[in-house]
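K.L.:
Under UniProt numbering, the final residue of the sequence shown carries the number 164; numbering is consecutive throughout.
A hint or two may mislead.
As the list claims (entries may be wrong) - Keeping only pairs whose Cα atoms sit at most 25 Å apart, straight-line, the calculated DSS-like set for lysine-lysine is:
#, residue 1, residue 2
1, K43, K76
2, K93, K152
3, K27, K76
4, K138, K152
5, K43, K27
To be verified - So the derived label-pair ranges between C-beta atoms look like this:
#, residue 1, residue 2, range
6, K76, D98, 28 to 34 Å
7, P2, G106, 32 to 38 Å
8, E83, E47, 33 to 39 Å
Honestly, the hints are just simulated from the structure, not real lab data. Don't be surprised by glycine CBs; every beta carbon is placed ideally from N, CA and C.
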Amino acid sequence: IPSSTEQEDGGDEMTRPAIGDEFGTAKGRLGPRIGHSARGADKTGYEDVMRIPNDVLADLDPDSYRVIGLESCLLKVFTLVIEMRLTEWVARKGIVPDSQNGFRRGMRTHNCSFVLRTVIDAATGEKKKVYAAFVDLKDAFPSTNIASLWAKMYRAGAAGPIFD
Numbered sequence: 001i002p003s004s005t006e007q008e009d010g011g012d013e014m015t016r017p018a019i020g021d022e023f024g025t026a027k028g029r030l031g032p033r034i035g036h037s038a039r040g041a042d043k044t045g046y047e048d049v050m051r052i053p054n055d056v057l058a059d060l061d062p063d064s065y066r067v068i069g070l071e072s073c074l075l076k077v078f079t080l081v082i083e084m085r086l087t088e089w090v091a092r093k094g095i096v097p098d099s100q101n102g103f104r105r106g107m108r109t110h111n112c113s114f115v116l117r118t119v120i121d122a123a124t125g126e127k128k129k130v131y132a133a134f135v136d137l138k139d140a141f142p143s144t145n146i147a148s149l150w151a152k153m154y155r156a157g158a159a160g161p162i163f164d
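Input sequences plus hints: build the corresponding full structure.
P.N.:
Written out as structure tokens, the structure reads:
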């Protein structure tokens, strides 16, 4: 993977400049954590970040002293913006199938139970057999080969400043 990439798949998820609306959405997702999260060594909390106007966050200079002072909380906000962009990219590319319910906004693992029950009921009604396997991938993420994950994302078209 080159050290600098350009998004060439017709999208702009990883190249468009940050806008205040994205930070507003990210801050909205952090809102419920106010008062329920410990402050970092810099004594900065999410409520401090919430007071920064969204447009100011979008224009923040990464070399600014404020980024250093608010790093732990700002990092969470920027991470949420990146996650929103990656989710948008994955949806546009159709990379994650509808059957993947875990860790997706608006999807629950309960959906899988419902689908399985529906399949069993339909098969029973037609006097057919259903075979199912339940696999527990405990601690799957720590064993993920991160270099391979980056390479697969790049081959799928992930490129641009956010990917870099």
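K.L.:
Each hint: holds or not?
P.N.:
Consistency of the hints with the structure:
no.: 1; hint: K43 <-> K76; result: holds (15 Å)
no.: 2; hint: K93 <-> K152; result: holds (13 Å)
no.: 3; hint: K27 <-> K76; result: holds (9 Å)
no.: 4; hint: K138 <-> K152; result: holds (22 Å)
no.: 5; hint: K43 <-> K27; result: holds (19 Å)
no.: 6; hint: K76 <-> D98: 28 to 34 Å; result: holds (29 Å)
no.: 7; hint: P2 <-> G106: 32 to 38 Å; result: holds (35 Å)
no.: 8; hint: E83 <-> E47: 33 to 39 Å; result: violated (21 Å)
In this structure, only the earlier hint numbered 8 is contradicted, and the remaining ones agree with it.
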